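With chain H's structure known, arrange chain P with the ligands on it following the hints.
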Amino acid sequence: MIKVTNLSKRFVTDRGEVKAVVGVTFDVPKGAFFTLLGPSGCGKSTTLRCLAGLEKPEQGEIIIGDTVMYSSEKGISVPPDRRDAGMVFQSYAIWPHMKVFDNVAFPLQVKSKGLNSAQIREKVKKTLELVRMEGYEDRPATQLSGGQQQRVAMARALLQEPRVLLMDEPLSNLDAKLREQMRVEVRDLVHRLGLTTVYVTHDQLEAFAMSTKIAVMFEGRIVQIGTPWEIYTQPANKFVAVADFVGLANFFEGKVVGGVGASGRGTIETTMGTLECTVPEGMSTGGKVLISARPEVVQVSREKPSGGGAIMLGEVERAIFLGEYFDVRIRIGAETVRARLGPYFEVKDGDKLYVQIAGSSCSVMRSESVASAKQ
Amino acid sequence: MTAFASLRGALSTREGWAGLLSSRRFVLVLVTIVVGALALIPLFFLVWDSFKDVRIGNIFDPSLTNFTLKNFRDVAADPRAFMMLGNSFIFAFASMTVAFLFGGGIAFIVERTNAPLRNVAYGLMFIPLIMPGMIKAVAWVLLLSPQMGLLNKLWFAISGSADPVFQAYSLPAMVWVEGLSMSPLTFLMLGAALRTMDPSLEEAAYTAGSGRARVLFRITLPLMTPALAGIGLLQFVRGLETFEVPLLMGMPAGIPVFSTQIYWIVREVSPPEYGIGFIYGLTVIVLAMAGLLLYQKMMGRAGQYATVTGKGYRPRLIDIGRWRWAATGFILFFLFCAVILPFLVLLYSSFLPFYQVPSARAWSALTLQNYQELFTRPDIVMALKNTAILSSIVSVGAVLMATMVSWMVVRLRTKASRILDGLVFVPYAIPGIAMGFAFMIVFLSFPNPIYGTIWILVLCYFTSFLPTATRFTHAGVAQIKAELEEASAVSGANLLTTLRRIVIPLMLPSLVAGALYIFLLTVKVMSAAAILFTPKTIVVATMLFQLWNQGSIPQVGSLSVLIIMAGTILTIVSRKLSQRRAIVAEV
Ligand SMILES: Nc1ncnc2c1ncn2[C@@H]1O[C@H](COP(=O)(O)OP(=O)(O)OP(=O)(O)O)[C@@H](O)[C@H]1O
Ligand SMILES: [Mg+2]
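Protein chains in written order, with the working numbering: chain H, 968 to 1342; chain P, 54 to 640.
Bound conformation, chain H alone:
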């Protein structure tokens, strides 16, 4: 439904040039919920605005449906009002001089689709019902709460029955509780309507909860595209897996020592012991890798466990009780491993514990991809 190829956009400011988007390529199938996820300033909004036609890229191609909306090569640039894309802005952009009705009906009023005013009224009513704002037609836009403004902005975007729905951090101005509730509501609504959606957020929980596919962006580039599960369990590089962004992770350096067969599994020697893992394609014996293991897959026990995998003895450096779990840092030689222990484990600083990591719950990245993400 949406096909973006090699999109680049830079801004020239007083302080110099900013490369906001660099060679971004992705595909969004019909009906998918596609999320651009990344830290502040990584170019998510710019990418979305290029899709809407609000920003003109220097390079690349954007196809929506089967219309070329932008192509640097063919010299095509369709203005925003003819892209048939509904958009929800971070600030909602509710027009303060209009009532709710006019805000929502605006797309139908400006694009005469041969509807009379009674039909428009009916459509607005239906759409307001969809976002659970029925009966608010005559409310002045200035008298709406943040959540209500968000719903009106959604209604306005939905009323056009757009080919694609673009949303730029639509929930970030809501308080935590409402945000959680709206997450589900928005996802169910666009799913029910079968809309193709491109969603922008810097909140990984939001991305995981709502998306069918996620593209992780960093410094203007897409560093990984995958389902939420793939992004979480098989991060393509250290950036995607890195702490504070797509969840926490433990990293170990390692070396493939053998056994890379057709199954894709190989034996890797690490500072934490020897692991059997799925190695990246094209990796052969002797290649350097980085292994990540999420804290929740790190097994901890007081007695030495039996069985394979890497088993090491370590000492609890610091245990923080967070209610749902203990966040524990365990020192093993020169390395520190983070783990999560159930609230009944009753661990304290200085305890000696066995740490076991199963190769099947680790993800393995090439060392060079790590280096490129670090700059």
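These are computed hints drawn from the structure, not numbers from a lab. There could be a bad hint or two in this list.
Unchecked claim - For lysine-lysine, the following DSS-like pairs were computed, each having C-alpha atoms within a straight-line distance of at most 25 Å:
1) Lys468/P <-> Lys986/H
2) Lys1066/H <-> Lys468/P
3) Lys1023/H <-> Lys468/P
4) Lys1144/H <-> Lys1078/H
None of these values were measured; they are calculated from a predicted model.
Okay, now just chain P with the ligands, sitting in the frame of chain H:
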């Protein structure tokens, strides 16, 4: 990049003309061409014709030969030229000084002292701005003229002497009236400069043990120097450009200045000496441009010293003790001279069957006939109608055009929009009289149905006031969040629909305030109309002059009272809306 390419590009899409109008670049190019044409074509004609031997029957010579320096030689050989130049500079400088005395004095009292009633001064200082220069000049001639002037009469009565003390038709009288007239704006600008000064700079000096006078002379004044110099320069330029006061008070006494001299040789002398007019016109434009550029530079310097103070963070007020009431008296004296006295004279004369000094006989003959004539005398009715048409079209048109310009300058921020930003300010530096003359020459140069109609006045005033209109609209556009417009675009609205449904409604209070202000300005400013008017296109300002020359002083009085009343209402509404603007910006 060119208009043509974007035209072709837009037309090649299926939507055709609708697509064309929604193309930002096309609209940008179109607006730039219109603004550029209005700003530069008159200027071009002035420059071109300066080097041509222009005379009636041969107004425009497009050939690339026949250039001559004759006009320059004529000016250099004319002894009146240097007298005129001297008069203009003395008049402008002296008027500026008077304006600084009143405006600066009142600004200091209001901003920095504890004089009583100082807080109502801001409201009152707007009132003198309502009165057109022509009306002020008329009123002061009625007060100061040697024989019938009321102040002289008063002097005769008090002293028993028969020698007048005041001479209306003289340079000092001109300076007095023009100085009074420039004071309110001087006050507003100096007041703003005083207010934006960081009070901690002064407080630091106080805590360092400096006395009040020392702080004033060592800290406050030096910090204010760039602003003072800039504002002084601006007022000096305005003094060079002004027309009405020199016309009424200087011309009869043979004291020409730039504006009246241009008027004289273009409209009163037969055959008109266009050649000299071009040189004078260009000279005054160059002086004005140089002055304005220098002004901008100085205000930039002043801006470096200024910090906008937060709420309740007012500079320290100086306790002037016993002088408090004297300070208030000074403000009242100014208002008495600038507003009350002239208004009373005009009001008095408006009820007289024919003009006479107050006496028992005069009081018993009072009549309303002059007000009746405003609506019955055909020439006055026509002047009122023409003024209404001219001012309405100019004010609405200039504000709408300025909205487009501001939108492009503030929103698009491309190279082209920066050019537009520069172009739109060119007419600001062209004095009204030179603008009128330039438009006259342009429309005399080729056959057209516009010359001699109200439309040439419309075009001329529109061009003159477009820069003023953009002051209102620049601020208005900057207050609208870009996302509100982008939401309209993604909802399927093209550029014009977005301007009509989103931008203009959101800016409406600023637009109405701007339109009312320009309406009033068009009624007030006479200079261009004096050059361009014909019997059929007479407007109120030129009508006043005509009535005055006919000796119909009571009718001058009633027409003036009407203008002042209408102006007061417009000003009040405009100011109310300007204040509301802040509220709209918040939502
Ligand atoms: N109009 C602009 N002019 C100049 N630079 C811009 C402009 N818009 C964006 N940028 C720059 O481009 C980069 C990407 O900005 P963008 O708004 O796409 O980030 P983002 O991923 O949406 O961030 P956030 O999560 O903070 O919204 C930033 O460095 C930003 O400063
Ligand atoms: Mg953003």
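We went through each hint and held it up to the structure:
no. : hint                    : result
1   : Lys468/P <-> Lys986/H   : holds, 20 Å
2   : Lys1066/H <-> Lys468/P  : violated, 37 Å
3   : Lys1023/H <-> Lys468/P  : holds, 16 Å
4   : Lys1144/H <-> Lys1078/H : violated, 37 Å
Taken one by one, the earlier hints fail for this structure at numbers 2, 4, listed in ascending order.
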